[in-house]
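Asks: In case you want the letters, here they are:
Protein chains: 2
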Amino acid sequence: MPDYAVVGKGLPKLDASGKAIGQSRYVADMSFPNMLHAKILRSPYPHARILNVDTSRARSLKGVKAVITGKDILPVKYGIVPFAADQHALCIGKVRHPGDSVAAVAAIDEDIAEEALNLIKVDYEILPAVFDPEESMKPGAPIIHEGVENNTSVRLIKNFGDVDQGFKDSDVIREDRYRTQPNNHAPIEPHGCISIWHPENKVTIWCSTQIPFFLRRNLAKVVGLEERDVRVVKTIVGGGFGQKIDMFASDVCATLLSRMTCRPVKVVINREEVFLSTRQRHPMIITVKTGAKKDGTFMAQHFTLIADGGGYNSTAPLVITLSAYFLMIPYILRNLRYEGAHVYTNKPVGGAMRGHGIPQARFAVESHLDQLARDLKMDPVEMRLKNALYVGFKHPAQYRINTCGFKDALEAAAKGINWKEKKGTGVGMAGSAFPCGVKNMSHIGAGGIVEINIDGGVNILSGASDIGQGTETVLAQIAAEELGTRYENVRVTAADTGITPLDAGTFGSGVTFRAGNAMRAAAADARRQLQEVVADKLEANPDDLVFRDDRVYVKGSPDKGMGFTDAIKYYRYLDKPMPIVGRGFYMPDAAEPTTLLKEDGNFSVAYTFMAQAAEVAVDKETGQVELNGIATAHDCGFMLNPLNVEGQLEGSVAGGLGMAFYEDQPHVDGEYLNPNFLDYKLPTSFEMPKKIVSLPIETFEPLGPFGAKESGEGNQVATAPAIANAVFDAVGVQIKELPLTPERVLKALEEKKGGAG
Amino acid sequence: MPDYAVVGKGLPKLDASGKAIGQSRYVADMSFPNMLHAKILRSPYPHARILNVDTSRARSLKGVKAVITGKDILPVKYGIVPFAADQHALCIGKVRHPGDSVAAVAAIDEDIAEEALNLIKVDYEILPAVFDPEESMKPGAPIIHEGVENNTSVRLIKNFGDVDQGFKDSDVIREDRYRTQPNNHAPIEPHGCISIWHPENKVTIWCSTQIPFFLRRNLAKVVGLEERDVRVVKTIVGGGFGQKIDMFASDVCATLLSRMTCRPVKVVINREEVFLSTRQRHPMIITVKTGAKKDGTFMAQHFTLIADGGGYNSTAPLVITLSAYFLMIPYILRNLRYEGAHVYTNKPVGGAMRGHGIPQARFAVESHLDQLARDLKMDPVEMRLKNALYVGFKHPAQYRINTCGFKDALEAAAKGINWKEKKGTGVGMAGSAFPCGVKNMSHIGAGGIVEINIDGGVNILSGASDIGQGTETVLAQIAAEELGTRYENVRVTAADTGITPLDAGTFGSGVTFRAGNAMRAAAADARRQLQEVVADKLEANPDDLVFRDDRVYVKGSPDKGMGFTDAIKYYRYLDKPMPIVGRGFYMPDAAEPTTLLKEDGNFSVAYTFMAQAAEVAVDKETGQVELNGIATAHDCGFMLNPLNVEGQLEGSVAGGLGMAFYEDQPHVDGEYLNPNFLDYKLPTSFEMPKKIVSLPIETFEPLGPFGAKESGEGNQVATAPAIANAVFDAVGVQIKELPLTPERVLKALEEKKGGAG
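Protein chains in written order, with the numbering used here: chain A, 1 to 757; chain B, 1 to 757.
Source of the hints: derived by calculation from the structure; they are not laboratory data. Some clues are possibly wrong.
Which copy is meant is left open, because identical chains are indistinguishable; a pair holds if it fits in one copy or across any two.
Unchecked claim - Pairs of lysine to aspartate or glutamate, EDC-like flavour, derived with a Cα cap of 20 Å:
| no. | residue 1 | residue 2 |
| --- | --- | --- |
| 1 | Lys202 | Glu488 |
| 2 | Lys576 | Asp525 |
| 3 | Lys569 | Glu226 |
| 4 | Lys576 | Asp589 |
| 5 | Lys221 | Glu488 |
| 6 | Lys681 | Glu272 |
| 7 | Lys19 | Glu200 |
| 8 | Lys293 | Asp164 |
| 9 | Lys9 | Glu650 |
| 10 | Lys202 | Asp15 |
In isolation and in its complexed conformation, chain A is listed as follows (with noise of 0.2 Å):
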């Protein structure tokens, strides 16, 4: 590795004090004059026909100040990704889950708003719904969008190699079928918005969202604005896990009731919207078939996957590439078939979620590779590694891997659980790969804009999105690196539309990638304007001047040199001294994700590998899954900064562990029974297994920022099969069905027992 000064170094984040000493400013925290508070109006039904809404009593009580309902706004749908927009802010004509926006409310404070929402009558005929999409993929099911044939909006089929040929040539052949439950992101901070709409017909909104540049695309398209006419501050975002990804109906509607009472309005939603109205894991329905010689070589896969998307489509055409594509990798698989659908039905909608869709077809496959090793009687992780990927394999989906770290992810992950000694006593591993890098749907790279200050400050703007992951400190140190100068003295001004520069936003875990190359490239050109008035005094060539530890000196030379803050003295008192501003950007070279619905491409410009292994004891009496410790290995290429890294390993533990054991949501006609933080079981420190091992394998990535990849989101993917699979290794049976909850392996326990007896 390179001997860098300031990447690298595990700094601490940016935003740690202030969140820690209660600084920090969240949406909820703000206030404007004369701002209203909105409370929006949810469905209780989860499929019925809007009749009539009568809004005249709410209208008339004392604080109320604007009422709107789905015939006061623009009938223009939104939705991520444009081609799949499905989704009005507020319903118009019918509701499709509970939760649906109905009206909205404009008061001069939450509790009257929320009174006027109680006075609001809503005539609805109810309709049948549908709330398992394997029925509502069949002919005959309740029509959930007019239009879309078997509720099914998105459909992928692909077919790589000869999958025939390659099932024919196996020694072994099983198939499985898994299911996943709906997660919820359950960030803390609940959504929330300010939104002033200005008499020019301006707008600007503050809201703690992940992809100011997409909420500007969408917000502008429905309230019927030029995207230049709305401005997007995001604020601190309190979590977001790709929850806040999207619009939502407090956006819009806290932006339409502005323009009509030209007062600022704003929205926080409260817990239980969270729940039914912002977005969820989507639900899986996974059926894997491999075929394997008896070596351990896979030779052919199949996999049919049924999304659960709820309501609406959300990410629907991400969620199904990417499914599909990461089935293909991290293992070497020449014959595939995949057959995917996201599917309506008529409960809250599906989004991205950490890992989006990829932790759902991971558990599949990862916990049917652990049956098929035991078929073929080979260790699992012998099995692993023998089809590993690698640098150079020439990939059927067009994948290219520049750096791959699979292999010793998965015998560093073994050797952290001392898998050889504890094997068949409830050891279990699983491995992942993931993007990143990826481009977004709309063309949009990353931006990156670096000024240095008189008195040695630079401040750096970037469109990027902090939703606390350390994006802002990690550029910070990259444009620190770049500067020779102290990462202290960096201040971030990110993700206002109004100010920084284009940014794909806070998803797929490419920020550092996108973002991070933007800034690298734009600290170089800063640094070359310093550097060539620097050379001449230095009397020096401007190429052999180094920048590091905050001075500029020339190179085999550090005594001929200055200070950074006296470079930068020099170069203002010129005659003429410009403003130092350097200018960078970053377009990932790889294919537009929703363009593999069409046509091959290389789905990433990097890759990131890992694996993790679960050490359990199961007691068989209870069903109680004890994690005694869990290992986790990442390629993520150069740490930047190694302690957020560490943080990210061990907050995929903790995500995964909600998925594995905890989190679900039962519902009963759709209406979820535990939409709060009492009754949905997020786990705690309580629940964090007794060891962690983390344990990042660094590679060096060519393309990435210093050569870093991602750590935000791809570990996580393998800890709930991990678990699975020691509980496998435990007590021989597999949970196809997450949560892992004792009673699913108590019953799995009894059946096995059955079958023996």
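Following the hints, complete the assembly by docking chain B onto the known chain A.
Replies: Chain B alone, transformed into the frame defined by chain A:
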């Protein structure tokens, strides 16, 4: 004049509608989580030694979080002009004027903070005080600052030509003595800030300030930080007029109290504090002696000027250079002697106020000239025209005059008031000149950054402070003109030291000149980046492209082109679309004003010239003066926004009226009798003259942005003397002390009667 598309148009101010409908958010409207409120304890005495400050009772009051006194601050003095720094944020050792800051309290609300102030016990030893600057200069007067001889902190003596010979060659010599009053700027918004000390030992302060980069410098200095660790964000300023160029105790105390409490701290001072503890126009005592030929030619002048500075320096060196140098313009004066002094007294502090030293000096000179005209039996307008400066005049003080509309202004103002017909019935004329494009004391020029976005929107970044005068509007116009796009599509981010490039600040009517030139250069730089790419597409030479009316086309072939937004989209869809970011800079090619204390130099890049003619009726029984009309002619260069210019010209009359007739601050032992809006008589719309004729005199300043100069300050300078001269014309008495109250007019009439009787 060139045919411009955006500049030169009377477009509405960007901030107008938000202010009109109450959407604008001032410091007083802002809040942060856990914010504390601070109040400052002020001295009741004009001059006293602080023996002891007992804060124990205040500290123990419930809800009080911190109390600080002079013992808690670094003993570092600050001031606008570094070498004249003489003020501590909280007094150390003694107080120097009523309202001087002694202690500060932070509490959970304003009431508790106020109550805590009452619990602080200060033991003072009262010292002899002095209130009249002439008394203060005498040996034996109380010493206000140790080591300052005769309490005179700045002294300037200038000689040009041969004054003695000039007087010898004169046919007539006369001398008059004038006195001006302390005016308060009386911004509708009192000073306020919110300061947050971050745990990393960095500060962010939101402040209603005119010069963010000066506040940054001073605040960093007194709290012991590097400048880069202080971020100043200018909030919407509800009026400044020079009063908000300084840093105040409130800014420092909020910051230190935040450091102590780890919580945001807000201070908004009250109206009485604005009067006692901020700044005011320096009261002055001025003698003018002029020698002239019979034909009216000025042969020599001798000025003595004493500026009453109150307890501290603030802008002392500047007010002295400004009043000195602007006595030498707009008339031809080859022989001139100036003796100026800035003198401490135990009264509230003088500072920059609209015109900054020049209104006082000009009142004296212009009044005196009408006396001289009477002595010479000349028409005052004729006399002024005879001596009017012109382009090409080799100025003894090294002024470089590129454009000069002074004669035109005199003639236009005279015509505007029907001078010839009305002469002798109560008309008065006064002329003036003003700098524009002054350099500041810290070698800070103006920078500009222009980003062109994918959606055709343009974000511009400027460090310049809009304080209500329309800076942001004009910068948006300049960028739009240079880019050939729509004004409405330009979004301005300004005056945030954490984001925007360096700027000298809002003072001396140089904002449009400095920041406007910088922004024009930045926009041209951005345009060039687009131009090169679009030229390829249009198969044209880049230099042949015209950017105008939201289109880009080939010169002479308007059809061969494309929309501005299409051009950007074309650019953005290139393989490697860098953000389009232009940068520009402007450093005035003029002397730094305070260096003029030592050696001559060109004061300003450009100069404006103005004349006002007033028409009055005087009630001899009551002394009441009725202002029937005023014509205000101003050579402001090219009018970038005629609506703004008109607003400035009319606003100048309002300001001038206050100085002429109403505003004064009588005191008893340094304590003002009327520090509130009930007793301090600001003119309202009812006091405005029946008729204001605004007469912009357009010249084309080659160094100004699109030919512009200033219109914000200079014009106000002429109002008071024009009125005084009209009174003289009406009833033959000249009032030599402002304001022209009915009492003073009556007294003068009685004295005249007595003298004649």
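Asks: Now tell me if each hint is right for this structure.
Replies: Right, here's what the structure says about each hint:
{"no.": "1", "hint": "Lys202 / Glu488", "result": "between (36 Å within a copy, 10 Å between copies)"}
{"no.": "2", "hint": "Lys576 / Asp525", "result": "both (19 Å within a copy, 15 Å between copies)"}
{"no.": "3", "hint": "Lys569 / Glu226", "result": "between (42 Å within a copy, 14 Å between copies)"}
{"no.": "4", "hint": "Lys576 / Asp589", "result": "between (39 Å within a copy, 10 Å between copies)"}
{"no.": "5", "hint": "Lys221 / Glu488", "result": "between (40 Å within a copy, 19 Å between copies)"}
{"no.": "6", "hint": "Lys681 / Glu272", "result": "within (14 Å within a copy, 57 Å between copies)"}
{"no.": "7", "hint": "Lys19 / Glu200", "result": "between (36 Å within a copy, 12 Å between copies)"}
{"no.": "8", "hint": "Lys293 / Asp164", "result": "within (14 Å within a copy, 115 Å between copies)"}
{"no.": "9", "hint": "Lys9 / Glu650", "result": "within (18 Å within a copy, 60 Å between copies)"}
{"no.": "10", "hint": "Lys202 / Asp15", "result": "between (30 Å within a copy, 12 Å between copies)"}
Hint check: no violations occur; every hint is consistent with the structure.
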